[in-house]
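2 protein chains.
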Amino acid sequence: MKNEFLEEKFSQQYRNIPVSFVRSILNAVGQKEMISFAGGLPNPLLFPVEALAESTQAVMAGSGRAILQYAGSLGYYPLREWIANRYSAKYNMTISPETVVITNGSQQAIDIVSKLFINPGDGVILEKPSYLGAIQAMSGYLPDFREVDLDEDGANLTQVEHLFLNDDIKLMYAVTNAQNPSGISYSAEKRNDLAMLLRRYNQFLLEDDPYNEICFEGEFPDPVRKFAPNHVAWTGSFSKMVAPGLRNGWVVLPPALVPHFDKAKQSADLHANNLTQYVLHHFLTNNDLDVHLQRIREKYAEQAGFMIEALKRNLPDEIRITKPTGGMFVWLTLPEGLRSDELIQQTMKRGVIFVPGNSFYTKGQGSQHIRLNFTNAEPADIEKGVKIMADEMKKLLCAV
Amino acid sequence: MKNEFLEEKFSQQYRNIPVSFVRSILNAVGQKEMISFAGGLPNPLLFPVEALAESTQAVMAGSGRAILQYAGSLGYYPLREWIANRYSAKYNMTISPETVVITNGSQQAIDIVSKLFINPGDGVILEKPSYLGAIQAMSGYLPDFREVDLDEDGANLTQVEHLFLNDDIKLMYAVTNAQNPSGISYSAEKRNDLAMLLRRYNQFLLEDDPYNEICFEGEFPDPVRKFAPNHVAWTGSFSKMVAPGLRNGWVVLPPALVPHFDKAKQSADLHANNLTQYVLHHFLTNNDLDVHLQRIREKYAEQAGFMIEALKRNLPDEIRITKPTGGMFVWLTLPEGLRSDELIQQTMKRGVIFVPGNSFYTKGQGSQHIRLNFTNAEPADIEKGVKIMADEMKKLLCAV
Chain A
1 MKNEFLEEKF SQQYRNIPVS FVRSILNAVG QKEMISFAGG LPNPLLFPVE
51 ALAESTQAVM AGSGRAILQY AGSLGYYPLR EWIANRYSAK YNMTISPETV
101 VITNGSQQAI DIVSKLFINP GDGVILEKPS YLGAIQAMSG YLPDFREVDL
151 DEDGANLTQV EHLFLNDDIK LMYAVTNAQN PSGISYSAEK RNDLAMLLRR
201 YNQFLLEDDP YNEICFEGEF PDPVRKFAPN HVAWTGSFSK MVAPGLRNGW
251 VVLPPALVPH FDKAKQSADL HANNLTQYVL HHFLTNNDLD VHLQRIREKY
301 AEQAGFMIEA LKRNLPDEIR ITKPTGGMFV WLTLPEGLRS DELIQQTMKR
351 GVIFVPGNSF YTKGQGSQHI RLNFTNAEPA DIEKGVKIMA DEMKKLLCAV
Chain B
1 MKNEFLEEKF SQQYRNIPVS FVRSILNAVG QKEMISFAGG LPNPLLFPVE
51 ALAESTQAVM AGSGRAILQY AGSLGYYPLR EWIANRYSAK YNMTISPETV
101 VITNGSQQAI DIVSKLFINP GDGVILEKPS YLGAIQAMSG YLPDFREVDL
151 DEDGANLTQV EHLFLNDDIK LMYAVTNAQN PSGISYSAEK RNDLAMLLRR
201 YNQFLLEDDP YNEICFEGEF PDPVRKFAPN HVAWTGSFSK MVAPGLRNGW
251 VVLPPALVPH FDKAKQSADL HANNLTQYVL HHFLTNNDLD VHLQRIREKY
301 AEQAGFMIEA LKRNLPDEIR ITKPTGGMFV WLTLPEGLRS DELIQQTMKR
351 GVIFVPGNSF YTKGQGSQHI RLNFTNAEPA DIEKGVKIMA DEMKKLLCAV
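Line by line, the protein sequences are chains A and B. Residue numbering for the first sequence follows my numbering, starting at 1 and increasing by one per position. Residue numbering for the second sequence follows my numbering, starting at 1 and increasing by one per position.
One should not assume that every hint holds.
Said to hold, decoys possible - Label-pair restraints from in silico Cβ distances: (1) A/Ser63 / B/Ala61: 16 to 22 Å; (2) B/Pro316 / A/Ser88: 26 to 32 Å; (3) A/Phe5 / B/Ser187: 25 to 31 Å; (4) B/Ser63 / A/Asn287: 36 to 42 Å; (5) B/Thr285 / A/Gly351: 57 to 63 Å; (6) B/Leu289 / A/Pro120: 25 to 31 Å; (7) A/Glu378 / B/Arg86: 49 to 55 Å; (8) A/Tyr91 / B/Lys363: 44 to 50 Å; (9) A/Ser63 / B/Lys363: 39 to 45 Å.
As the list claims (entries may be wrong) - Result set (DSS-like, lysine-lysine): computed pairs, CA atoms no more than 30 Å apart in a straight line: (10) A/Lys394 / A/Lys349; (11) B/Lys363 / B/Lys190; (12) A/Lys394 / A/Lys323; (13) B/Lys349 / B/Lys226; (14) B/Lys395 / B/Lys299; (15) B/Lys226 / A/Lys226; (16) B/Lys323 / A/Lys9; (17) B/Lys90 / B/Lys363; (18) B/Lys349 / A/Lys9; (19) B/Lys395 / B/Lys312; (20) B/Lys387 / A/Lys190; (21) A/Lys384 / A/Lys90; (22) A/Lys299 / A/Lys363; (23) B/Lys190 / A/Lys9; (24) B/Lys384 / B/Lys363; (25) B/Lys384 / B/Lys312; (26) A/Lys394 / A/Lys384; (27) A/Lys363 / B/Lys9.
Unchecked claim - Facing chain B, according to a computed beta carbon distance under 10 Å, are these residues of chain A, among others: (28) Leu6; (29) Ala89; (30) Tyr91.
Don't read these hints as lab results, they were simulated from the structure. The structure presented is a predicted model; accordingly, all values stated were derived computationally and were not measured. All C-beta atoms, glycine included, are put in the ideal place defined by N, C-alpha and C.
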């Protein structure tokens, strides 16, 4: 039976959500056959499977009946408390557990903050490039995206201030640590300056921070949230520090926002599932998280190093390669005439995929960029995949 | 620091979401001190805690690493397959696993279907009364709610057809089995007739069915979905048949809708958490669900019977009391002059809460109704609570 009547009924907001290029490629080709630098998957060998299995057993034995009942929309209080304590101490700032809300990954925090604020046509400032998942979530609220340049040390604040002054801006979205896709982290100075701008103009920042704990050397500077706690919703995620399949993240909110986020979370799905919240809390309080994180950081730094070395050895000299200080991605800039969306058509035929830069922009730009994930590929595959990419780049460059 | 600037920024869609009266009461008074007929909580004594603990241990031991990684947005395939098989067999109809999507409770299915379809001002047909959680979720998309009467055998289809014919209707929402709050179930004939209307006018129904398995005698008639598979999104929930704290439900979609729901789910929170999906699948395939369900049905029928008996014995004769055939609620209709929102102010002082009917209507009506939950109160509390309600009703009636 034909079903066109359904598609004709789709809302404007839904029609505005872009397709994820990554997902559609993965659907088209079947991920398993390919060397994939496309996804954003943590290295599964670093998942603390046994410790989490023990925690799972312990919480079901100790709190099974409470876990299985409905609960409040804000999340499991001891887990909110753990988060508040860890980051209060880490950054020497005050976070009340009451202002921490557990979400289904930080993705849901982006969706709910967008729902709270964005009317159709409202200005939303994005870094250029920006995180695809945020572009998707926010697009569902029909914003007018205003992109600012992402310099080596963070967003171009002259452009940000210009927009705050002259445009109808509702919200700014930024990934301040090891940004996906660029790998860029904000300098300490820029964080402070951005906080001052937010306070001066009473603007609101969604500071998305899933890679906070994945810094290769030392720690990232203090979050913007520290300097403007009433002007920032600051997300965090267990996906990179523990495991993404549990789908738990959080957001630290200004106190005034908590009851509103609560109501919006309730209307979305009542509350985050209790089981993984209890499991995470048990895991975090019964294991040495910092030892675990150190293992991840070392491994990812090693994998990043291996990929960068392979890229430098194989790619044409004209290609610019970032050196990430954390996170999961390397960002390439191609020379004039070489388009990543054309390149992938060739490499796909030879079993190699990545994400063309276009996915991270809202106005069709970005084809001169490539995002490569290094955390979920073994050295032999990295070497082989990079060689195929280099080979196809050279062919396309000759044809220019 | 004052934070009014934040509230001034709130979107129209967020401002349109009504506060849950139940939640605000519970927050205000502290649930534990009260005799509560207000919530919609399953009886925790019936949770299969030990079996779920065993399943949890088994899946973490057998599939830990896969559980902990990211997964597809549609859900864990074996669980989707289990759902498809069970309900294909139960209703002698064809459900492909590919058309079943796992959500965070059926609440999220309501939210996502609303996001897919509702533009501001679109007509959405609701039963009068309707489920509060659906009113909340849908309100976030600024619909124009059009209420139709809920007769003893389901929605008034003359009114539905009139709206299909004469108004700009995008979607209809109905709970066809043991409706929350009224307890009403659609007759077999009405299900068929509604399906015919949907097909004749190419209209779309969100058939919300969380109480499908909680029928006190025999089974509810076939769902509307059976007779109009391309015109219905049919939800289900593990919250009432297994446990709500796992936050897993599902929706059966027309095939044409699946890729779109997929994209919207992805933008909301990427995917449902893997752990509870694996746990549920293991539990469902290693235990006799029907034996478990039989225990729930018997207990709830007993609790319902006890509450109805207490109501009949204590309440003034003018008050109409439904006799539910399943689900979790009794619905009262008060005589002229007695208002449930006034009554609760009195009973609250004496430690008894319920939900005044207003919460289940979108235009301020409903104060002549009361929703009572019977699944989460022990006989002694039911007796005591009903006596206090009766006492305060009589006082108010005398004052009329």
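Hint by hint, here is what the structure shows:
1. A/Ser63 / B/Ala61: 16 to 22 Å: holds (20 Å)
2. B/Pro316 / A/Ser88: 26 to 32 Å: violated (56 Å)
3. A/Phe5 / B/Ser187: 25 to 31 Å: Holds - the Cβ-Cβ distance for A/Phe5 and B/Ser187, about 27 Å, lies within 25 to 31 Å.
4. B/Ser63 / A/Asn287: 36 to 42 Å: About 21 Å separates the Cβ atoms of B/Ser63 and A/Asn287, which means 36 to 42 Å is violated.
5. B/Thr285 / A/Gly351: 57 to 63 Å: violated (36 Å)
6. B/Leu289 / A/Pro120: 25 to 31 Å: violated (45 Å)
7. A/Glu378 / B/Arg86: 49 to 55 Å: Hint violated: Cβ distance 40 Å, outside 49 to 55 Å.
8. A/Tyr91 / B/Lys363: 44 to 50 Å: Roughly 49 Å apart at Cβ, these two residues keep to the hinted range, so it holds.
9. A/Ser63 / B/Lys363: 39 to 45 Å: Cβ of A/Ser63 to Cβ of B/Lys363: about 42 Å, so the range 39 to 45 Å holds.
10. A/Lys394 / A/Lys349: holds (16 Å)
11. B/Lys363 / B/Lys190: Holds: B/Lys363 and B/Lys190 sit about 26 Å apart, inside 30 Å.
12. A/Lys394 / A/Lys323: Cα-Cα ~22 Å, so holds.
13. B/Lys349 / B/Lys226: Violated, at about 48 Å.
14. B/Lys395 / B/Lys299: Outside the cut-off at roughly 33 Å; violated.
15. B/Lys226 / A/Lys226: Between B/Lys226 and A/Lys226 the Cα gap is close to 55 Å, so the pair fails against 30 Å, i.e. violated.
16. B/Lys323 / A/Lys9: violated (38 Å)
17. B/Lys90 / B/Lys363: violated (38 Å)
18. B/Lys349 / A/Lys9: violated (49 Å)
19. B/Lys395 / B/Lys312: Roughly 18 Å between the alpha carbons, so the hint for B/Lys395 and B/Lys312 holds.
20. B/Lys387 / A/Lys190: The given pair, whose Cα atoms are some 65 Å apart, is violated under the 30 Å limit.
21. A/Lys384 / A/Lys90: violated (40 Å)
22. A/Lys299 / A/Lys363: violated (36 Å)
23. B/Lys190 / A/Lys9: holds (25 Å)
24. B/Lys384 / B/Lys363: Violated, at about 33 Å.
25. B/Lys384 / B/Lys312: Between B/Lys384 and B/Lys312 the Cα gap is close to 14 Å, so the pair holds against 30 Å.
26. A/Lys394 / A/Lys384: holds (16 Å)
27. A/Lys363 / B/Lys9: This hinted pair holds, its Cα atoms lying about 26 Å apart.
28. Leu6: Nearest chain B Cβ about 5 Å off; hint holds.
29. Ala89: violated (23 Å)
30. Tyr91: With Cβ-Cβ at 19 Å, over 10 Å, it is violated.
Of the numbered hints given earlier, the model fails hints 2, 4, 5, 6, 7, 13, 14, 15, 16, 17, 18, 20, 21, 22, 24, 29 and 30; all others are met.
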